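**Q** One line per chain: the protein sequences are A and B, in this order.
Heads up: the first sequence at position 27 corresponds to 27 in the numbering used here, and the numbers run straight through without jumps.
Numbers given in the numbering used here equal positions in the second sequence, counted from 1, plus 180.
Simulated from the structure, these hints should not be mistaken for laboratory data.
Model, not experiment: these values are computed from the prediction.
Backbone N, C-alpha and C fix where the C-beta goes; we use that ideal spot for every residue, glycine too.
Worth double-checking, as some hints may not be accurate.
Facing chain B, from chain A, some residues (calculated, C-beta under 10 Å) [to be verified]:
hint, residue
1, P32
2, T78
3, E80
4, G82
5, D84
6, L100
7, F135
8, A137
Label pairs and their in silico Cβ distance ranges [said to hold, decoys possible]:
hint, chain 1, residue 1, chain 2, residue 2, range
9, A, G177, B, A279, 54 to 64 Å
10, A, L56, B, R334, 55 to 65 Å
11, B, R349, A, K58, 33 to 43 Å
12, A, A40, B, R334, 37 to 47 Å
13, B, I351, A, L56, 31 to 41 Å
14, A, T78, B, P329, 52 to 62 Å
15, B, P329, A, A47, 14 to 24 Å
16, B, R334, A, A47, 38 to 48 Å
17, A, T158, B, R333, 54 to 64 Å
18, B, P329, A, D120, 58 to 68 Å
19, B, P329, A, E69, 35 to 45 Å
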Amino acid sequence: MKHRSLVSLVGGILIGALAMFVGLAQAGKLAPEQPEAVVALAQLLDAEHRRVDVLLEKEDVAGAIAALEALREQRWPTREEGGDVALQLRHDVYGRLLRLRLDYPDIDARPADELLQIADEGLGEDAAELDVNPFTARLTAMRGEVLEALDRDDDALTSYEQALEMNRVLLERELSGGNP
Amino acid sequence: MSAGNENGRPARKPKVLSEDWEVALRAGQEAEGLAGSVEDELAVVHLLRHARAPEGLAEARLDAVWADIDAELEASAPRPWWRRRWTWIGGTAFAAAAAAAVLVIVIPNAGQTPSPPVAAGDDGEQQPQVAVAAGQAAALERQFQILAPGARRRVEQEVDDDRGQLRERLIAQARAAGGGSMGGAP
């Protein structure tokens, strides 16, 4: 009888520890309160990305930029509504837009301070709370490029360092076989 | 026969190697009107004298002898490959060609000296910018290209998970609205 209760105690401890580790592992990622918002957003963006791909294949950079600019107008789910994945989707779209704007400065030209506004709008206020991912790192790096164009070298360096640190973490995770 | 000395012992004959022989030979030669040669005999006497007590050579003479020996050896012995002239000339040329190949092929941008970007300051003076390398952004973009495919797959997986949650929720709502039955099933 005494032996049985000891086994139960050890089993309970193990299960509790396992639950704790699972909870800690998921701590960096916020599950969406509204999965339907994420699903709808992902479907929309999937279609838009494909459209941009086709436009770029036709070398219609202006059309691609216009399509991505149009996406800025929609309402993006918050982190609470859509979880981390919604923010990653947003950073991906803004990163693509900013990349085109930086690579083709003569098409629908915008001043550098407006590009900085795009970068900040895309990153939002909760980017720092987001689990490390390549889309946020890329958008942060491009924010550095815009700051460099504005001769704000110190701020640019900060952005580059942040992006490099994110990529370092991601590459380490990749090399260790983890889930970035 | 022989004269005695002060101790009464007979006087010793001059030894073969004594210089007296040379003096006596020269005197005899002069007495005979310098007829005949005594050089061969004297040469033998010198040789025997030298064999008995080798005479040291003067320093300069010794150096000259060794120099002659070295010259003879150097002329006759084959040189090792690393001391041959063509080894040095060919080796130097090969090293120079290899260095040029490395610079041109392996490091294509080596010939371009990177110059730090400069920008005009407020006072109009040219100031070196902070070392914000243009390659920094390019390197980050390349890293993104490496990381992006995996990240997109994970995002798709999470969206699929959300879709599954949504489907379950809708089914549950439908069941609740249908009074615990769905599609006529009990």
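**Q** Give a verdict on every hint.
**A** Against the structure, the hints:
no.	hint	verdict
1	P32	6 Å, holds
2	T78	15 Å, violated
3	E80	14 Å, violated
4	G82	9 Å, holds
5	D84	8 Å, holds
6	L100	13 Å, violated
7	F135	7 Å, holds
8	A137	7 Å, holds
9	A:G177 <-> B:A279: 54 to 64 Å	42 Å, violated
10	A:L56 <-> B:R334: 55 to 65 Å	24 Å, violated
11	B:R349 <-> A:K58: 33 to 43 Å	41 Å, holds
12	A:A40 <-> B:R334: 37 to 47 Å	19 Å, violated
13	B:I351 <-> A:L56: 31 to 41 Å	40 Å, holds
14	A:T78 <-> B:P329: 52 to 62 Å	27 Å, violated
15	B:P329 <-> A:A47: 14 to 24 Å	20 Å, holds
16	B:R334 <-> A:A47: 38 to 48 Å	20 Å, violated
17	A:T158 <-> B:R333: 54 to 64 Å	31 Å, violated
18	B:P329 <-> A:D120: 58 to 68 Å	27 Å, violated
19	B:P329 <-> A:E69: 35 to 45 Å	25 Å, violated
Against the hints set out earlier in the document, violations occur for numbers 2, 3, 6, 9, 10, 12, 14, 16, 17, 18, 19.
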